[in-house]
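Participant: The residues making up each chain are set out below.
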Amino acid sequence: MGEEILMDIKKDYVLSKLRDGERIDGRKLDEIRSIEIETNIISKAEGSALVKLGDTQVLVGIKMQPGEPFPDVPDRGVIITNAELVPLASPTFEAGPPDETSIELARVVDRGIRESEAVDLTKLCVEEGEKVWMIFIDIHALDDDGNLVDASALAAISALLNTTVPAERFELGDDFPLPVRNLPVAITSLVVGDKFLVDPTRDEMSVGQRLITITSDKDDNIVAMQKSGSYLLSEQKFYELIDVSVEKAREVRELLKDI
Amino acid sequence: MGEEILMDIKKDYVLSKLRDGERIDGRKLDEIRSIEIETNIISKAEGSALVKLGDTQVLVGIKMQPGEPFPDVPDRGVIITNAELVPLASPTFEAGPPDETSIELARVVDRGIRESEAVDLTKLCVEEGEKVWMIFIDIHALDDDGNLVDASALAAISALLNTTVPAERFELGDDFPLPVRNLPVAITSLVVGDKFLVDPTRDEMSVGQRLITITSDKDDNIVAMQKSGSYLLSEQKFYELIDVSVEKAREVRELLKDI
Amino acid sequence: MGEEILMDIKKDYVLSKLRDGERIDGRKLDEIRSIEIETNIISKAEGSALVKLGDTQVLVGIKMQPGEPFPDVPDRGVIITNAELVPLASPTFEAGPPDETSIELARVVDRGIRESEAVDLTKLCVEEGEKVWMIFIDIHALDDDGNLVDASALAAISALLNTTVPAERFELGDDFPLPVRNLPVAITSLVVGDKFLVDPTRDEMSVGQRLITITSDKDDNIVAMQKSGSYLLSEQKFYELIDVSVEKAREVRELLKDI
Amino acid sequence: MKGDEFEVDKPEEEKLRKDEIQLIIDGKRLDGRDFNELRPIKIEAGVLKRADGSCYLEMGRNKVVAAVYGPREVHPRHLQEPSKAVIRYRYNMAPFSVEERKRPGPDRRSVEISKVSREAYEPVIMKELFPRSGIDIFVEVLQADAGTRTACLNAATVALVDAGIPMRGLITSVAVAKVDGVLVLDPMKEEDNYGEADVPFAFVIRNGKIESIALVQMDGKMTVEEMKKALEMAKEGAMKIYNLQREAIMKKYEAIEIEEE
Amino acid sequence: MKGDEFEVDKPEEEKLRKDEIQLIIDGKRLDGRDFNELRPIKIEAGVLKRADGSCYLEMGRNKVVAAVYGPREVHPRHLQEPSKAVIRYRYNMAPFSVEERKRPGPDRRSVEISKVSREAYEPVIMKELFPRSGIDIFVEVLQADAGTRTACLNAATVALVDAGIPMRGLITSVAVAKVDGVLVLDPMKEEDNYGEADVPFAFVIRNGKIESIALVQMDGKMTVEEMKKALEMAKEGAMKIYNLQREAIMKKYEAIEIEEE
Amino acid sequence: MKGDEFEVDKPEEEKLRKDEIQLIIDGKRLDGRDFNELRPIKIEAGVLKRADGSCYLEMGRNKVVAAVYGPREVHPRHLQEPSKAVIRYRYNMAPFSVEERKRPGPDRRSVEISKVSREAYEPVIMKELFPRSGIDIFVEVLQADAGTRTACLNAATVALVDAGIPMRGLITSVAVAKVDGVLVLDPMKEEDNYGEADVPFAFVIRNGKIESIALVQMDGKMTVEEMKKALEMAKEGAMKIYNLQREAIMKKYEAIEIEEE
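Taken in sequence, the protein lines are chains S, C, D, G, B and W.
Read left to right, the first sequence gives residues 0 to 258 (numbering that gives the first Met the number 0).
Read left to right, the second sequence gives residues 0 to 258 (numbering that gives the first Met the number 0).
Read left to right, the third sequence gives residues 0 to 258 (numbering that gives the first Met the number 0).
Read left to right, the fourth sequence gives residues 0 to 260 (numbering that gives the first Met the number 0).
Read left to right, the fifth sequence gives residues 0 to 260 (numbering that gives the first Met the number 0).
Read left to right, the sixth sequence gives residues 0 to 260 (numbering that gives the first Met the number 0).
Chain S with its partners taken away, still in its complex shape (with noise of 0.2 Å):
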């Protein structure tokens, strides 16, 4: 009861400095948090990042094993994804199997990767038909503070940019770094009457869960999209939506490049 009513004074307030083309937090409407990458932190994995998007906080971390090749693409490598919204990292996340919101956000970071072609997976064939190296990444929240999505990907590809091969322990050969060759970059924004807000915090999310996620490549691409949220998006603010997207990515990209 509290919790709703703290809410909706949170979404007037949200609401009222929009009206003045403000955010509670002072940025500017496409602006994004602060961003810190720290990789290589979790020796155990073959790579790993910890994401800091303001106070939006996930670990990702990716392992790396020998495994049959699907049979349509018996030359490539295996891409795994998987979130675990852990209820550490949210009061309103509960313990379980995985729900719509972790499978949708461990397949929107997974498009990105995927559709970019970001790992050359050709280059991860073992033997044709029979084994490949498989990629796990497993995406950990640990603190969120709004727009999960965005602060994972960025985790997931600072990760892979981080990530070793482990050829020696399966005595495959040397070990070798992951081939990564393009950098996705998620942009997601939350829709609010005729105006979006990019990266959202969660007090901002308290307007409704009104969200669009476009992510690009290194070329500007467009490699993967979602509407996710129960509402209409005019064509008008669909095209601006891409355009700011791109451009905010473009911006987010210059972080990876020292990784």
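Some hints here could point you the wrong way.
[As the list claims (entries may be wrong)] According to the in silico footprint, chain W covers these stretches of chain S (three or more CB under 8 Å from chain W):
1. 35-47
2. 59-65
3. 137-147
4. 215-223
[Unchecked claim] In silico lysine-lysine, DSSO-like type, Cα no more than 27 Å apart, as pairs:
5. G:K239 to G:K188
6. B:K251 to B:K239
7. D:K130 to S:K130
8. D:K217 to D:K236
9. B:K208 to S:K194
10. C:K236 to G:K188
11. W:K27 to W:K250
12. B:K239 to S:K236
13. W:K228 to S:K122
14. W:K48 to W:K188
15. W:K114 to W:K27
16. D:K9 to D:K27
17. C:K256 to C:K236
18. B:K228 to B:K27
19. S:K236 to B:K27
20. W:K234 to D:K236
21. D:K236 to W:K239
22. C:K122 to B:K83
23. B:K114 to S:K10
24. G:K188 to G:K114
25. B:K83 to S:K10
26. D:K51 to G:K251
27. S:K236 to B:K101
28. C:K236 to C:K122
29. G:K114 to D:K51
30. W:K101 to D:K236
31. G:K101 to G:K41
32. D:K194 to W:K234
33. C:K130 to S:K130
34. D:K122 to G:K188
Worth flagging that the hints you see were computed from the coordinates, not collected in a lab.
The C-beta atom is built at its ideal place from N, Cα and C for all residues, glycine as well.
Guided by the hints, dock chains C, D, G, B and W onto chain S, whose structure is given.
Facilitator: Structure of chains C, D, G, B and W alone, referenced to chain S:
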């Protein structure tokens, strides 16, 4: 609540008609509803059939793939029968893992096929002890207006009659028709007092789930039987039910000859 | 409700007797209930034992089959211990997947067997890295009148002593007795204030689940220990419990010599 | 077949090729029984302390135990019925009860057996005497050798009486099989595996008379005439089991009376 | 990969190597369609007796059926909403609907499709008229050939109208793909598998006019300009589907009227 | 072993053959520590925004984070206790925290650890102050290197204090192992894998004094005398950890005070 009252009214109506030896839809006590069988409607499946039994509709699809035989019958194909009572088909079905109703349905249909030796499983051995054909019979209920069992059993044998073993797809020689050599037919009756109604509709089932299914084969052998429901059955009734069921199965079996 | 009041009355009774240094069934504080061990009662199992500890009854069956070893111990057999607290055994048990109580039970029993090296697993290698014997220890509770842990542990080691490796059935040479070389015995006590009751009955447990299990082997080594229940244990009590548990285990172990 | 992902309806039910084994030799069955002879049966009532009623039963090499709890409160509450007791019946096999270890927990076969067994008891138990209550029947198969569902039903009946649950009659169960072309009573494993048909029956017996059929299933192949003959054979067998059930119950009560004296 | 323990996001979504197959030949698609041409569509309303509304729909080789139940009571009660109806949407594939048998039950892909589809309908259905009620939309894919989510949305709309659920507009859905470097409407399986991108859209259409986007997803690779062009192409296609939806609905009502005369 | 269907109690607990590795060389441990020396410990309180209390802790190569939520409402309601708070404790390992990827979700080992850890806190937290409420302790193992349950307990204590949950004392936890015949404090992975025994303890410390044992488990092989010595060794180690826990808490509060000035 309203639902329960409605059921009570239906029940009274069914019983009052029955006192005059009549059924609410004008059928004779041992009369089966009109039957339509449409085969080969799912081209992605190895075999398929849609059965309409009055307003009850069941779709059965057959998929086949090579697999390992059971150790104790190393030279025979394997039948796996599964029923999904999807919530689309009835307001009383719920999404989720199979409950006792759908398990019983699948197993009763399975026994009819299996025990009549409808499929010559010895012709489905690829390599003894190593590789045999697996037949997946998937029962997909679409509209449950009563007596899903008979409709499912009829759709299953119809789909099998219509099945081509996809040997080419698995590089195991030429495709060939599934060797079907018997035609089991299930007849379900609703036991009400000292009478019984063959092929009950859902409205008739308002008097209680007092069912018995008797499946017989082309030689009038009984191949499967299942009393289903919380009631007691007299010996006299049991004998009558057997005789009527075998007779009605013969009628229905005629329809299979055109497939 | 009535259940709770009854428990309160029992609790008061247990505590009032205890103030006089007595137990409600007349036993001494460190006295174990009468024990009956019956082995080889399930001829379909490779080994089996029914243990009656007072009115508590547990049946353990051992099944064995060849399987793959763990990669890091490629030349040793594998032990898998499982406990089913079937609702037949107690009004408080419910059907369903193992809960924390049955998992803890299985794991505490498992540790006693495993850590005492009761079974010589090196003699259960068929082909290094490829095939070893797997031992399934299935604990099946029948009647829970308190202290299932000790009864289960005793039934497990009794059943193992009684186990024949079914090599012939799997065409792996002659059958041979399972090589058992140690006799772990678990002793569980209920901690009540500054006293403790060895081998508590269910009525005694009305004072709370304040248990500790100490398992020791034929050389009086401690091989497993588990404080179980929400309570704090003094160091002094801990020392006393160790000494008593080892001593009582020696008594119980005598019974195993006749198997 | 590895069967890792599918639950497969085998091999419990599938008839193996009958040419593999001859089941009737010189007019006798493999274990020397006559066609209409039951396996040895042992019944003991009241074997568990915690349960309200219980029974241990052996039928040939089958070993089963049944427990009854109730009438008792039903949780969760929305499962309660305002005007009668809710009956539950759970048939479960111990992992070590069969040749190849059975994974713990219910499979499709045990779900079906639990359903038809519960439906056998529902019209017999006087549910209307215990509104909002639950009566739980739990049966555990400790060792299986064909006919476990009939053994469990027989044990459950004794456990129900031991628990003092009022019933309109006793349930007694036995199967008839067709092997090598003849009908045999109470088939054991080999007859079930290699036989041509198996028909488990359960009857309601009141005042020493079979009144009706509470359970009937069948798989295999039988003519209509054989099926009718099978019913007669089963009825004869059931009467013998019924007497053993009564004896077990009386023995328990005599023991109590002696104790109480 | 055996994939026994992991649910893997493949192969539904993964683009296969485009050099394996040429998808555009002489300016036509493999099935002879023009770039902006829909597959043949067949829609029939009111095909199920038990459901409150229903629809059978074919879109190329896709065969789907949709049913709507409600407004009706919501169980369990704590899922009720005091001021509006709760919408459920369940997308499910029959095991035999795809080349390799699909294990029954929801996988990650169908959970996601159900979510975004539900979210498309939620702002369109007049939920506020049915407090504490539930409106359930169930769609079954009987045969799949790319674009099942769009086919299901189109069928669900007709089923909702058939059930008499008041809506602010109709949902119409179609995808645009990029294959061999060009945009094509309503891709079939080969175009989806070997194409470069796939963008399913759903629109709200009111009074014959597209008002807004109710669903959009995308995977693949497209320039910003292509994406904008894709939207225009989808809008044209959607209007054609919209007309077919209306026809199917009218046909059903004409049939009823004739019947009633 | 494929282990696809059985959850197997290995290899976390199984002692590997000790002859494979020499763990004590020249009176020092493999990482140069003395027998009674802890691994380096790093503790930081208040690292998460959403949680009511939190703590990040490293203990050797273990990296864990703990969060506390509550006192808060308990859902579903029937789990509430009328006169006290309900404590939950969830120990969870990230899939990438161990050498071989761990399947997400609870396994038998983590269920057991969660149980005994919860039971350690229950008598210490002043539950009676918060009737009908829930206090949830969530610990995530981000990297594992033996002793994760002790590291998590130490982190949980700091998170509880950070959340302002009143307690009768602080819980501090450390293990003692037996390796190459000697007792060593706070074993790391190699000592746990190849050692002869492992005894995790947790103590209640109040006013700088160890008052009682809140958790003790053990697996391996030890004499009675060794076990008693192990307890003494653990107590010494626990006092050092206790001081680090206090420091971390104070540092957080100093930071707040500085901020507030």
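Participant: Each hint: holds or not?
Facilitator: Hints and how they fare:
Check result for the region 35-47 of chain S against chain W: holds, 6 residues qualifying (beta carbon to beta carbon below 8 Å, three or more required). With a cut-off of 8 Å between beta carbons, the region 59-65 of chain S has 4 residues touching chain W; three or more are needed, and the interface restraint holds. With 6 residues having a Cβ less than 8 Å from any Cβ of chain W, the region 137-147 of chain S passes the three-residue criterion, so the hint holds. Counting residues of the region 215-223 of chain S whose C-beta sits closer than 8 Å to any C-beta of chain W gives 0, which falls short of three, so the coverage hint is violated.
With a CA separation close to 21 Å, the supplied pair G:K239 and G:K188 stays within the 27 Å bound. About 19 Å separates the Cα atoms of B:K251 and B:K239, which keeps this hinted pair within 27 Å; it holds. For a cut-off of 27 Å, the pair hint linking D:K130 to S:K130 stands: about 22 Å separates their Cα positions. Between D:K217 and D:K236, the direct Cα distance comes to roughly 23 Å. Compliance with the 27 Å bound is thereby established for this hinted pair.
Between the alpha carbons of B:K208 and S:K194 the distance comes to roughly 23 Å, so the proposed pair stays at or under 27 Å and holds. A hinted pair counts as satisfied when its Cα atoms are at most 27 Å apart, and C:K236 with G:K188 does not qualify at roughly 31 Å. With a C-alpha separation of about 33 Å, the suggested pair W:K27 and W:K250 falls outside the 27 Å cut-off, and the hint is violated. A distance of roughly 24 Å separates the Cα atoms of B:K239 and S:K236; the hinted pair therefore holds under the 27 Å criterion.
The straight-line distance between the Cα atoms of W:K228 and S:K122 is roughly 55 Å, outside the 27 Å bound, and the hint therefore fails. Only pairs whose Cα atoms come within 27 Å are accepted, and W:K48 paired with W:K188 is rejected, the gap being roughly 32 Å. Distance check on the hinted pair: W:K114 and W:K27 sit about 35 Å apart at the alpha-carbon level, beyond 27 Å; violated. For the proposed pair D:K9 and D:K27, the alpha carbon gap of about 18 Å is at most 27 Å, so the pair holds.
Proximity of C:K256 to C:K236 is assessed by CA-CA distance (about 31 Å); at most 27 Å being required, the pair is judged violated. For the proposed pair B:K228 and B:K27, the alpha carbon gap of about 19 Å is at most 27 Å, so the pair holds. This hinted pair does not check out: S:K236 and B:K27 have alpha carbons roughly 33 Å apart, beyond 27 Å. Taking the CA atoms of W:K234 and D:K236, the gap is near 16 Å; set against the 27 Å cutoff, the hint holds.
Restraint check for D:K236 and W:K239: the C-alpha separation of about 24 Å stays at or below 27 Å, so the hint holds. Taking the CA atoms of C:K122 and B:K83, the gap is about 59 Å. The hint is violated against a cut of 27 Å. About 24 Å separates the Cα atoms of B:K114 and S:K10, which keeps this hinted pair within 27 Å; it holds. Simply put, G:K188 and G:K114 have alpha-carbon atoms about 23 Å apart, close enough for the 27 Å limit, and the pair holds.
Distance check on the hinted pair: B:K83 and S:K10 sit about 20 Å apart at the alpha-carbon level, within 27 Å; holds. A hinted pair counts as satisfied when its Cα atoms are at most 27 Å apart, and D:K51 with G:K251 qualifies at roughly 20 Å. About 38 Å separates the Cα atoms of S:K236 and B:K101, which puts this hinted pair outside 27 Å; it is violated. With a CA separation close to 40 Å, the supplied pair C:K236 and C:K122 exceeds the 27 Å bound.
At most 27 Å may separate the alpha-carbon atoms for a hinted pair to count; G:K114 and D:K51 exceed this at roughly 32 Å. Distance restraint check for W:K101 and D:K236: the Cα-Cα separation of roughly 38 Å exceeds the 27 Å cut-off, and the hinted pair is therefore not satisfied. At most 27 Å may separate the alpha-carbon atoms for a hinted pair to count; G:K101 and G:K41 meet this at roughly 25 Å. Between the alpha carbons of D:K194 and W:K234 the distance comes to roughly 23 Å, so the proposed pair stays at or under 27 Å and holds.
Under the criterion of a C-alpha separation no larger than 27 Å, the hint pairing C:K130 with S:K130 is consistent with the structure, at around 22 Å. For the suggested pair D:K122 and G:K188, the alpha carbons sit about 34 Å apart, so the restraint of at most 27 Å is broken.
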